[in-house]
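> The chain contents come next:
There are 2 protein chains.
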Amino acid sequence: MSSSLYNLWMTAAIDQAKKSWDEGGIPIGSVLVSPKAEAIGNIGGSIVARGHNERVQTGDPTAHAEMVAVRNAGRRRDWKDLVLVSTLSPCSMCAGTAILYKIPVVVIGENRTFQGAEDWMARNGIELHVLTDTRAIALMERLQKERAELWAEDIGE
Amino acid sequence: MSSSLYNLWMTAAIDQAKKSWDEGGIPIGSVLVSPKAEAIGNIGGSIVARGHNERVQTGDPTAHAEMVAVRNAGRRRDWKDLVLVSTLSPCSMCAGTAILYKIPVVVIGENRTFQGAEDWMARNGIELHVLTDTRAIALMERLQKERAELWAEDIGE
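Residue numbers (the working numbering), protein chains in the order written: chain A, 1 to 157; chain B, 1 to 157.
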C-alpha cells in the first residue's frame, strides 16, 4: 500500500472529523477500508464504513470515531483484511477494539496532540502508519483551544 | 468492599447474561456500580447502569456487555468512583474502555472459559477481583457447546 493511498483514506476520515465539528462535536473521524477492493480497482467500494465521534451528539460515551466506524461496518468476519484509518492516535478503547478484531493495519492522522495506545497495538502485531497530517493537527488544536473541557471528557480526564 | 457485595452485583450481571441468552444472544452481562451510593445505604441506587451483549440482537460488533453498560451510563465525570462488574473476563475492547475512563475496580465472574486482557488492566492500575462464579461458567460453557460459531465471532476468531 502506498502513502498516496493512505492520504486518500485520511482525507475521507478528515471529512468525517469536520462533519462532527460542524455538528458541535469532537472533530475526530475514521474510516474502515478494504484494500482488496482497492486492488481490484473498486475505489468507490474500498471504504466499507465511516464514522465520526458522536459522544456529544448522542450522549454515548463509547461513541469515539473508530468505534462508530466499526459499529457501522456491522457483523462481519473479514476484519483481518481491513485497514482502520483515524485522524487521531487511537485511545485504549479504540486500540483494544482493533486488537479484538485483529485489524492488521492502523493509519493514524497524527499523534502530536494526543498519544494513544500505539505501543499496545504494536505489541499485538498491528502495523502502524503515522502520517503527521497538518489538517488533522489543526482540527485537534482548535478543539483543545476552543473547547478544552469537552476534550478532557473525551479522554476520561 | 466485601465479597458479599461482589456476589450481589454479580447476580445482577448474571441476570443480564440470562436475558441475552433468552433473546438468542451471547450470555454475558455487566453492571456499573457506585459503591458510594451503596455506602450511604442506597442499595437500589447503587447500580448506575446495566448491559448485556447485544451483538446478535442489534448487529453492532461493539455491543459487548461492558460496552453497553458504559453506553447506558451516559456522559458523566464520575467513572473513577465506579466499579465495572462483568460475568466474563473483559476482552481487549472492554478492558481498553475501563482504562480510558479510569474505572478503578473491575469485578469478573470468571476467566476459565475465556481469558481477557486482565494483564493490561492490572498494568494500568486497575484492581481486579475474579470470583470464579459457577453460574457464570455454566452460561459460557453452554454457549461454547451449543453455539461455538457465535462465540468465535464475538472474539474476532
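Think of the hints as simulated: they come from the structure by calculation, not from any bench. One or more hints might be untrue.
[Unchecked claim] Output of the computed footprint for chain A on chain B, the stretches with three or more beta carbons under 8 Å from beta carbons of chain A:
#1 2 to 9
#2 66 to 75
#3 87 to 94
#4 98 to 112
#5 129 to 140
[Claimed, not checked] Below are the BS3-like pairs computed for lysine-lysine, each with C-alpha atoms no more than 30 Å apart in a straight line:
#6 A:Lys18 to B:Lys102
#7 A:Lys145 to B:Lys102
#8 B:Lys102 to A:Lys19
#9 B:Lys36 to A:Lys102
Backbone N, C-alpha and C fix where the C-beta goes; we use that ideal spot for every residue, glycine too.
> Now, for every hint given, state plainly whether the structure supports it.
Okay, the hints, checked on the actual structure:
{"no.": "1", "hint": "2 to 9", "verdict": "violated (count 0)"}
{"no.": "2", "hint": "66 to 75", "verdict": "holds (count 6)"}
{"no.": "3", "hint": "87 to 94", "verdict": "holds (count 4)"}
{"no.": "4", "hint": "98 to 112", "verdict": "holds (count 4)"}
{"no.": "5", "hint": "129 to 140", "verdict": "violated (count 0)"}
{"no.": "6", "hint": "A:Lys18 to B:Lys102", "verdict": "28 Å, holds"}
{"no.": "7", "hint": "A:Lys145 to B:Lys102", "verdict": "24 Å, holds"}
{"no.": "8", "hint": "B:Lys102 to A:Lys19", "verdict": "29 Å, holds"}
{"no.": "9", "hint": "B:Lys36 to A:Lys102", "verdict": "38 Å, violated"}
The structure fails hints 1, 5, 9 (numbered hints given earlier, in ascending order).
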